[in-house]
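Start from the sequences and build out the full structure, keeping to the hints where you can.
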Amino acid sequence: MSEKKEQKQDTPVFRSFAEAVNTLSELMKIETAIESALNDSHVPHHETRKMLRAMNTMEASATPLCQYISILFEKVGLGKIEITKKEIFRIEFSVSKPCPVCKLYKDAHSKSCYITAETLSKFFTNDLEIPSTAKETACINEGKERCTFLVEMQPLAVYQIALDAVDDDIIEYIFKKKGTSGNANKSITCTQISKDLGVDADEVKYHCEILENFKIIDSNLNLTEIGLAYRKHMGKVQKEEKVFPPPWQHLEKITESIASAESFAEAMSRSIKSEEEVVINEKDIINLAEEAKKSKSFAELLFKTLKQEEDKND
Amino acid sequence: MNAGKKENAGKNAEIEAKKYADVEYKLSQKIDHCKIELLWHEGGLYFSLSEIMISHGEQYFVIPIREIERLSVINEKPVKIVLDFGGMELIFTGEAGHKLLALRHLLLPYINRNKEEKDKMKMLLLYWAMGIRGLSALSTSMGMSLEECDMLIAEAKDKRYINTKGELSQEGAALFSEEEKEKLDVLIKNARKRGKDNE
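If you read the protein sequences in the order shown, they are chains A and B. Start counting at 1 in the first sequence, then tack on 1281, and there's your number in the working numbering. Start counting at 1 in the second sequence, then tack on 131, and there's your number in the working numbering.
Because the hints were derived from the structure by calculation, they are not lab data. Think of the CB as a built atom: it goes at the ideal place given N, C-alpha and C, for glycine as much as any other residue. Keep in mind that the hints are not guaranteed to be accurate.
In the DSSO-like style, the derived pairs of lysine-lysine whose C-alpha atoms are separated by at most 30 Å in a straight line are [as the list claims (entries may be wrong)]:
1) B/Lys-251 to B/Lys-312
2) A/Lys-1361 to B/Lys-149
3) A/Lys-1387 to B/Lys-251
4) A/Lys-1331 to A/Lys-1457
5) B/Lys-149 to A/Lys-1554
6) B/Lys-312 to A/Lys-1416
7) B/Lys-157 to A/Lys-1564
8) B/Lys-211 to B/Lys-157
9) A/Lys-1554 to B/Lys-251
10) A/Lys-1425 to A/Lys-1457
11) A/Lys-1367 to A/Lys-1356
With beta-carbon atoms standing in for the labels, derived distance ranges [claimed, not checked]:
12) B/Gly-218 to A/Pro-1381: 51 to 61 Å
13) B/Asn-321 to A/Asp-1445: 32 to 42 Å
14) A/Ser-1544 to B/His-172: 50 to 60 Å
Have a look at this one:
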């Protein structure tokens, strides 16, 4: 067994320089494409709202925003991504075989798609304005059928964007009718809300379903604890809603900037390929990890090294 | 020849490397919760098939990839990356931000595998210290196969995390942070107390 482990320690991480350099070139292309694509991908709240309000996975997948995510991720080289599970604060995305990121790490028999997870997190945080974390929960490289990513969104930001002015009016109406204690005995109906607020009855019904899904009200149209807290702080958390065209309306421009970013990356990777390999002599090597283990002597060693160099320069 | 490393299998054998980028770097050492800044310098960032290295004049500081515990972006513009290994910290930055980010993503799957392995070892040592030492009980508790678990125990003994008396050694305890050690002590005491009560 120990032989097996030792062998693993000695085995190089990469099989050859050519393979490592090719992977680096591909990653550089993806990195530059991502930066360029995300810079142009700011999404207006009314579009994000459609996805957040989706009641199930299928409904979420059909929103223009989800379709845009799918197109964008494929364009930057992260593969065809799709929503596979939608909850109010969590969204699961998946990439089916073949996953282009997994292919870059042939020898990694573990989770490999950090770049995809980080891109999801950046896109949600910066372009949708919902602070989010994303992690890979399963990977083709560890033998799973597909790579899956879980995006966890900050609840307050989700409420801020997902709920609209009509929702707020309904919440305020219910609060005024029932008060903080909930006053569950005082029943309210959608028809009554519709009549008093002057909003179509079907629309009120739809908004109440959304509010129930977000745990703001219960099935008897009572404000929940979350609902009361939301109402109390609503004025403070409301954001000004900027109106601008969604990024999928200028997809051609985004595609162009991805292409020019990729040619820039191509030039950078040529410069790495052209670097000659050097052989570093044993006497010039300080293994930091080993020296760090002898923590007291390391500072001394470093001091000596610096001193030698200073003497040389003098 | 081991790819990328010349044949003299000494501790610091010659290394074949490729220059990757020009960087500015800061090297610090963490001792007893203090961070001592050792060096702030400009140099080349190189990589070989198993290591990354930074040059300091004619000297090369080498960090084996498998020893890296963390590799995170601490600043996006300009890109600044922090790398932790064995109580040391290396922060590097450079003009070619995308290149540095690509290198980080190249290394991440190999680094985190280390962390997962270390976490598994720590989990084993935790159960071991609590007195759970039967192969079957350990494999069930840790969600591993009997064979995997047996290999892990053998590795713990090999690396002397478990001493010849079959107890958690100082080397084994050193894998845990101070905070984890405090929790570990409580768990061990409780487990021992329960053991005595059962007797």
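Here's how the hints hold up against the structure:
no.	hint	verdict
1	B/Lys-251 to B/Lys-312	holds, 16 Å
2	A/Lys-1361 to B/Lys-149	violated, 34 Å
3	A/Lys-1387 to B/Lys-251	holds, 23 Å
4	A/Lys-1331 to A/Lys-1457	holds, 28 Å
5	B/Lys-149 to A/Lys-1554	holds, 9 Å
6	B/Lys-312 to A/Lys-1416	holds, 28 Å
7	B/Lys-157 to A/Lys-1564	holds, 23 Å
8	B/Lys-211 to B/Lys-157	holds, 11 Å
9	A/Lys-1554 to B/Lys-251	violated, 38 Å
10	A/Lys-1425 to A/Lys-1457	violated, 52 Å
11	A/Lys-1367 to A/Lys-1356	holds, 23 Å
12	B/Gly-218 to A/Pro-1381: 51 to 61 Å	violated, 37 Å
13	B/Asn-321 to A/Asp-1445: 32 to 42 Å	violated, 53 Å
14	A/Ser-1544 to B/His-172: 50 to 60 Å	violated, 33 Å
When each numbered hint is compared with the structure, violations occur for hints 2, 9, 10, 12, 13 and 14.
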